[in-house]
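Asker: Please work from the sequences and hints to get the whole structure.
So the protein sequences, as listed, match chains A and B. Every letter in the first sequence is one number past the one before it in full-length UniProt numbering, and letter 140, counting from 1, is 140. Every letter in the second sequence is one number past the one before it in full-length UniProt numbering, and letter 75, counting from 1, is 75.
Just so you know, these hints were derived from the structure itself, not from any lab. Some clues are possibly wrong.
The list cannot tell twin chains apart, which means a pair is met if one copy fits it or any two copies do.
Stated by the list, open to error - Mimicking DMTMM-like on lysine to aspartate or glutamate, the simulated pairs with C-alpha atoms at most 20 Å apart in a straight line are:
1) 646 with 530
2) 731 with 716
3) 646 with 759
4) 618 with 214
5) 37 with 159
6) 535 with 271
7) 632 with 764
8) 156 with 166
Number of protein chains: 2
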Amino acid sequence: EICKEYVQSHILLIIDENTYQLGAVDSVSGMHFRGSKRKVDYVLAYHYRKRLAQHQQGTNSGQHIPQEPLGAQVIELGPLDALEEEKRLQREEYEHNLVAAGLEIEKDAENKSQGLSFVRIHAPWQVLSREAELHKIKMPTKKMYAIKEEGGILKKLNEIWCKLTEPLQPQVPQENTKMKSLSYPFSREKMYFTLIANNVYDAAYPLHDLLYQEWARYGVFYKFQPIDLIRKYFGEKIGLYFAWLGLYTEFLIPSSVVGIFVFLYGCITIESDIPSKEMCDQRNAFTMCPLCDKFCDYWNLSSACATARASHLFDNPATVFFSIFMALWATMFLEQWKRLQMRLSYFWDLTGLEEEEVSFFSLIILKLTNLYISLQIMLTFSAVFGVIVYRITTAAALSFSTNETTRSNIRVTVTATAVIINLIVILILDEIYGAVAKWLTEIEVPKTEKAFEERLILKAFLLKFVNSYAPIFYVAFFKGRFVGRPGHYVYVFDGYRMEECAPGGCLMELCIQLSIIMLGKQLIQNNLFEIGIPKLKKLFRKLKDGRTELKEMNTNQSKDPQQWDLDYSLEPFTGLTPEYMEMIIQFGFVTLFVASFPLAPLFALLNNIIEVRLDAKKFVTELRRPDTVRAKDIGIWYNILSGIGKLSVIINAFVIAVTSDFIPRLMYQYAYSQNGTMHGFVNHTLSYFNVSHLKAGTQPENSPFAQDILFCRFKDYREPPWSPNQYEFSKQYWAVLSARLAFVILFQNLVMFLSVLVDWMIPDIPKDISEQIKKEKSVLVDFFLKEEHEKLKLIESFITRDKHKHKSGTKDQRSRAASFCQFNQSQKGSVASFSSQHTEV
Amino acid sequence: EICKEYVQSHILLIIDENTYQLGAVDSVSGMHFRGSKRKVDYVLAYHYRKRLAQHQQGTNSGQHIPQEPLGAQVIELGPLDALEEEKRLQREEYEHNLVAAGLEIEKDAENKSQGLSFVRIHAPWQVLSREAELHKIKMPTKKMYAIKEEGGILKKLNEIWCKLTEPLQPQVPQENTKMKSLSYPFSREKMYFTLIANNVYDAAYPLHDLLYQEWARYGVFYKFQPIDLIRKYFGEKIGLYFAWLGLYTEFLIPSSVVGIFVFLYGCITIESDIPSKEMCDQRNAFTMCPLCDKFCDYWNLSSACATARASHLFDNPATVFFSIFMALWATMFLEQWKRLQMRLSYFWDLTGLEEEEVSFFSLIILKLTNLYISLQIMLTFSAVFGVIVYRITTAAALSFSTNETTRSNIRVTVTATAVIINLIVILILDEIYGAVAKWLTEIEVPKTEKAFEERLILKAFLLKFVNSYAPIFYVAFFKGRFVGRPGHYVYVFDGYRMEECAPGGCLMELCIQLSIIMLGKQLIQNNLFEIGIPKLKKLFRKLKDGRTELKEMNTNQSKDPQQWDLDYSLEPFTGLTPEYMEMIIQFGFVTLFVASFPLAPLFALLNNIIEVRLDAKKFVTELRRPDTVRAKDIGIWYNILSGIGKLSVIINAFVIAVTSDFIPRLMYQYAYSQNGTMHGFVNHTLSYFNVSHLKAGTQPENSPFAQDILFCRFKDYREPPWSPNQYEFSKQYWAVLSARLAFVILFQNLVMFLSVLVDWMIPDIPKDISEQIKKEKSVLVDFFLKEEHEKLKLIESFITRDKHKHKSGTKDQRSRAASFCQFNQSQKGSVASFSSQHTEV
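Answerer: Here you go:
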């Protein structure tokens with residue numbers, strides 16, 4: 001098992017070495033078996049504890065391994081020793097299997113009572129080649145061929161682009177991108193066609209420095225990533241992640257630019273926006289109904305002038321355009337990713353890689369509905385609800401305060417603290433949910449590692465998605481919609497009114513909520529946690545290990561620390577799931593509610609520029625080098641991304657239609673306005689309420705001008721007090737609602753249609769790649785045919801010479817010659833079958 | 001070129017022959033070269049005309065070919081002769097190429113002044129094998145292996161199913177479906193592993209009878225199709241069509257059953273339907289406003305009782321359920337087709353088949369917008385509009401009639417004639433559009449045959465789709481919506497009011513329109529045209545050919561008609577496009593408007609049961625045997641089907657929400673009704689109109705009770721005459737509209753979500769197939785390894801014997817032995833590479 005894994009991780013490096021001539025660096029210490037040229041390809045580490053130390057029951061960190069033959073010890077074994085003994089036997093059997101599989105191992109002598117011991121493994125060339133053959137790893141052949149270049153204007157443009165982006169290219173040894181060596185599934189037979197040298201695995205670590213200099217430093221944040229190098233060092237799976245992250249970050253650039261323009265459009269048009277002007281105009285004395293019972297006074301709408309102006313920044317017609325743009329952007333991104341993936345799998349020779357089919361979806365669906373997940377989601381909702389209650393009660397409590405300044409700052413205080421509480425809850429639950437998802441998947445016992453990973457991802461994603469977005473969904477679609485109306489408010493608990501949105505509209509609050517959660521999550525979780533926690537862990541490990549073993553280590557091994565000792569102190573690699581998860585949740589922030597916060601892509605971009613280097617640094621310096629895993633695509637993440645893309649269409653449609661004031665404004669301008677302008681819009685959206693209809697005990701207590709007020713206004717479309725159906729929803733309410741819903745239908749179907757169109761218009765496989773795949777096949781066939789032909793000619797000449805010398809051949813000899821001819825033909829045939837098979841791949 | 005095509009069509013037959021032991025039928029006359037055992041594999045036919053007949057300028061049917069050497073004739077050549085001469089030269093060059101490619105040809109002597117001549121082609125085994133190798137056609141190996149069977153209950157169920165469906169199975173020689181021979185890309189080298197006999201191509205035609213008996217007769221309509229046999233005889237492309245048609249027909253069975261139940265539900269609940277009861281109740285004297293100006297009188301709603309009751313059959317809550325069912329049905333169908341396609345391509349060994357990628361969509365999109373298509377669509381719309389005008393004017397004209405019976409039948413007469421006109425226009429335009437699409441595609445000059453076909457299909461589909469559905473869309477979404485209101489009608493031309501729907505609602509009219517067009521189109525176009533026209537054409541050809549050539553033919557060839565003479569009289573095969581098109585348009589009828597006509601699947605099913613055998617008969621008896629074409633899937637048709645499936649969701653949502661009365665009823669019951677029942681619904685949907693507000697000159701002229709009437713009623717939600725905003729849309733109007741739109745959003749998103757879920761839950765590749773593909777690969781590798789191993793052992797024994805005899809070998813001999821060893825190893829290697837390659841396919 002380990003043999004396979006191990007060879008998979010190293011064979012690529014070895015094979016690629018010859019195209020990547022770094023030279024052998026034999027002087028690196030601690031990379032080889034003692035006094036030998038055999039390189040350490042893999043290290044296994046374990047703690048041992050000798051029987052001698054059996055009676056020191058107090059220490060619990062070391063493990064015990066009896067060195068004496070088993071039989072002699074049976075009587076003395078305690079329960080702990082039995083466990084130790086079993087472990088030792090397992091290790092022995094395992095190492096025996098490794099040796100049987102052809103691997104060479106070197107063990108440290110266990111000459112102390114307890115300690116850390118390493119098993120170093122070297123894979124001889126025979127093992128590597130056998131495994132490469134078994135795993136059909138493609139290797140480059142001697143044959144190189146030119147990659148077709150575009151001619152004419154495209155070529156010119158390409159050259160200009162190359163020149164412009166030159167400073168952005170990482171300074172790594174450039175492979176000749178114009179040439180590609182033909183690769184072919186590894187076979188020992190075909191070895192002499194290749195450039196594989198015998199001492200190729202003498203140098204691996206120089207890459208570490210190179211990767212650090214040109215990739216894993218913040219200083220090179222503006223450069224493209226050396227993806228090919230990353231893939232060579234870490235394998236395809238991690239290579240694909242960074243390629244994906246790179247593409248995503250690149251795609252964020254245009255959306256950030258457009259987002260900034262949309263924001264600027266809001267800034268520029270703010271002065272000409274009639275509704276916010278009307279709201280700010282002191283002459284329009286809209287006396288609003290009190291925001292809470294008893295303690296709140298009537299208030300003038302012009303006091304909400306600032307928020308009205310601010311909300312115009314995000315709530316303007318350009319936002320609608322931006323939502324459509326972002327929906328198409330998401331589609332384009334996914335399409336481009338498909339193409340890039342195809343391109344990479346061509347250049348990385350993954351085209352023939354087989355992957356398990358995913359057919360356990362029906363199971364997942366069933367499992368997803370299980371009790372645990374429901375419980376978790378309920379926990380999330382109750383957290384969100386808790387914050388709502390906090391807001392309602394705090395707002396009410398603070399309104400008792402007689403201090404004028406406190407009261408005016410109520411809204412700000414409450415909103416800010418509530419969002420921060422939300423954020424903290426999200427961060428804590430996120431960590432819990434990650435663990436819960438893992439535990440849930442473990443108790444399900446999936447059949448394969450891949451199945452396990454996919455299930456874990458789906459569970460974790462569902463939980464984290466709900467966790468991150470529940471408060472945002474609440475603000476976008478529920479807050480302020482169940483308030484009731486003056487004189488008939490909806491109360492939760494005893495006497496607490498449901499909370500309303502700020503007078504600027506819920507969109508402004510949504511925007512604040514979104515930006516704080518997004519920025520906070522990125523800053524705290526991604527950067528603080530990701531940088532800080534591994535550092536802390538490392539420190540903690542060092543301290544702990546140092547305390548217990550330093551004295552013993554000092555005696556022999558650690559006087560010149562070997563590479564395996566250094567690597568041992570790093571954190572183990574635990575998979576890409578957290579990295580992807582983080583980015584996918586961010587992708588959600590960028591697409592799902594983009595209608596309310598056009599600057600989201602910009603913030604995501606800024607975060608990602610750091611994120612790329614942060615992840616890089618982590619992989620290069622903080623983690624043990626992971627086993628390379630081959631992968632053809634990003635798996636389930638693609639489905640999740642595409643699901644988010646689809647969800648974003650309907651959510652944005654609702655945000656524009658329901659949360660923003662876009663539709664009521666349009667309706668007013670084209671249906672109700674007297675002169676086709678927006679003048680009078682604010683008045684139109686406010687309904688009248690007869691203050692005498694306020695329930696007893698809910699009137700403002702200390703209002704200085706309660707006597708002068710007959711009617712107060714509130715934001716809703718309801719019949720005025722003088723209508724026969726007073727306070728019922730007015731005709732305008734239903735008309736506006738119809739328009740909102742019609743907009744949702746129109747928007748959703750338009751965007752879906754455009755997405756399908758984009759999907760169709762961009763072929764999944766780039767044309768140049770599909771042409772090159774075809775060409776490569778035919779070149780490969782020609783190449784093999786020629787080689788075989790030459791070989792056959794050589795053999796034929798032997799036979800002819802043979803015949804000349806032994807003209808008087810016996811019958812036996814003639815039959816041998818005949819069999820030779822048959823053999824020749826068979827050889828030809830196998831070449832032909834070669835060609836036929838290969839073109840099928 | 002032809003060589004390739006030809007071999008592709010025949011190689012499969014030849015290879016499969018051995019698994020399909022029909023025995024050689026050498027006695028069939030006209031199947032071989034004269035006096036030879038060489039079979040006629042392909043026939044080219046042409047008309048020739050000798051120079052001798054040059055001066056008979058009057059006849060224009062024959063073609064002229066000079067037999068004398070060209071040089072001698074130059075002076076005498078007329079313009080027609082030059083053309084003939086060129087054709088002859090082309091033919092000669094072509095035949096020369098055929099011979100050069102290794103084919104053997106036999107030509108009739110052109111011994112008459114003019115006539116029909118045949119070039120018969122025989123493909124020797126060498127050519128077949130070379131081409132098979134080039135095209136990587138898979139052939140079965142000696143190795144057979146058992147296909148994994150389900151165990152336990154599944155097996156039992158399967159057995160019961162087999163027993164139940166036994167009478168439905170066609171009585172064709174059953175291949176052993178439990179065993180599958182391993183197949184492998186053809187290679188001459190591997191020939192001796194196979195069962196291929198040398199005289200296999202002695203029998204091909206017996207299949208014709210078998211196919212007719214068990215497939216192409218109406219008598220076997222209840223049986224499954226012998227798909228494997230069809231594929232063997234006609235090739236994969238036609239095989240896939242019939243497999244698709246079969247699956248579609250099978251899928252129509254459950255939907256027909258559910259459709260019947262929905263219809264029955266309507267029939268059963270008709271007596272308990274309060275709104276239609278209220279309408280029929282004579283006591284509820286709803287005096288309705290006149291349906292036309294001047295000549296129409298006020299009328300009582302109860303006179304529309306019959307249509308109201310009829311429309312309940314289709315407009316009831318079960319229809320909503322049925323729409324959702326059908327949307328999921330469409331998704332399920334597409335998923336199952338993907339699986340069946342996968343299964344077929346496994347059993348037909350198409351898994352490695354390469355197909356061109358489609359990357360010209362961007363072009364198509366551009367081209368689709370071109371002027372021609374737009375013109376055609378405008379033509380369609382104008383035809384629809386013409387019919388509308390016809391209806392309006394005829395209705396008006398007929399209403400002048402004083403005959404009481406005529407007037408009462410006006411609506412029926414007008415509707416019936418209008419729909420029939422619609423149908424005729426559709427049928428005529430359909431034929432024109434087919435030709436136009438072809439012409440348009442030809443002037444575009446696409447690069448490949450496949451590109452040509454796909455473009456043609458897209459164009460033709462777009463035109464035919466618009467043509468078939470335009471009148472239905474009109475009735476569903478536009479008719480009766482722009483009528484205006486009493487006193488303020490919308491007029492087209494001079495004094496003609498826009499037409500209204502019948503009092504039972506537009507759904508009833510939609511239903512009539514849909515059923516007549518669907519049934520009429522199927523009956524006339526599919527059955528009449530498809531059976532009649534080929535027969536007529538055949539008759540016409542026979543008559544024509546007979547007239548001009550019979551006398552000459554009689555002299556030598558036709559005294560014993562050869563097979564090539566008989567086949568020549570059949571129609572050539574022109575592709576599957578019309579067959580698919582017909583079915584896809586039908587699929588549209590079944591899914592797009594199924595909410596208005598739940599019996600559509602039933603009618604489609606009845607049609608298809610005939611259609612399968614009709615198409616079969618056509619292919620077996622009416623058409624020349626088509627060149628077989630390999631295909632892995634049904635190509636662009638799948639995309640079109642999936643597009644229709646998506647479109648059907650939104651269309652059905654709108655039909656239920658806008659065309660039917662479902663939402664108003666729900667709204668009334670839960671929002672407006674006094675007691676939660678439907679009592680009073682009819683009254684609620686009718687607005688009041690003050691007859692004194694009728695414009696002068698539009699009042700009914702000869703109304704007997706005009707004096708007694710103050711208010712008349714009309715179907716709309718408008719303010720009553722006594723309201724301050726008289727005749728404006730009422731609050732109910734907007735509320736109902738909101739509900740309708742909300743329903744659309746809900747329905748669309750729910751169904752889309754469920755479709756995605758179904759899509760996810762059903763894996764694209766059936767699990768047993770994916771397992772078998774894996775198993776097959778490993779078995780194949782084992783098989784080849786074993787064979788090669790045995791061969792190697794044989795050769796090694798030769799070498800050992802050689803060494804013993806020539807112990808005192810020269811240096812040369814030793815080097816030869818070394819090269820031999822190297823060779824051995826290379827042989828092993830190629831086997832290994834074999835395995836690695838094959839598992840990649």
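Asker: From the Cα coordinates, with 20 Å as the cut-off, is the pair residue 731 and residue 716 best called within, between, both, or neither?
Answerer: Cα proximity of residue 731 and residue 716: in one copy and across copies (12 Å, 16 Å).
Asker: Please work out whether the CA atoms of residue 535 and residue 271 approach to 20 Å or closer within one copy, between two copies, in both situations, or in neither?
Answerer: neither (50 Å within a copy, 78 Å between copies)
Asker: Could you figure out if residue 37 and residue 159 sit no more than 20 Å apart (CA to CA) within one copy, between two copies, both or neither?
Answerer: Neither. Shortest intra-copy (46 Å) and inter-copy (65 Å) distances fail the 20 Å Cα cut-off.
Asker: Using 20 Å as the alpha-carbon threshold, which applies to residue 618 and residue 214: within, between, both, or neither?
Answerer: within (14 Å within a copy, 69 Å between copies)
Asker: Within a copy, between copies, both or neither: where do residue 156 and residue 166 come within 20 Å Cα-Cα?
Answerer: within (15 Å within a copy, 69 Å between copies)
Asker: One pair to classify: residue 632 and residue 764, alpha carbons no more than 20 Å apart. Within, between, both, or neither?
Answerer: both (15 Å within a copy, 19 Å between copies)
Asker: First find the shortest C-alpha distance between residue 646 and residue 530 inside one copy, then the shortest across copies, and answer within, between, both or neither for a cut-off of 20 Å.
Answerer: neither (30 Å within a copy, 44 Å between copies)
Asker: Using 20 Å as the alpha-carbon threshold, which applies to residue 646 and residue 759: within, between, both, or neither?
Answerer: Both, since 13 Å and 15 Å are each at most 20 Å.
Violated hints, in rising order: 1, 5 and 6; the structure is consistent with all others.
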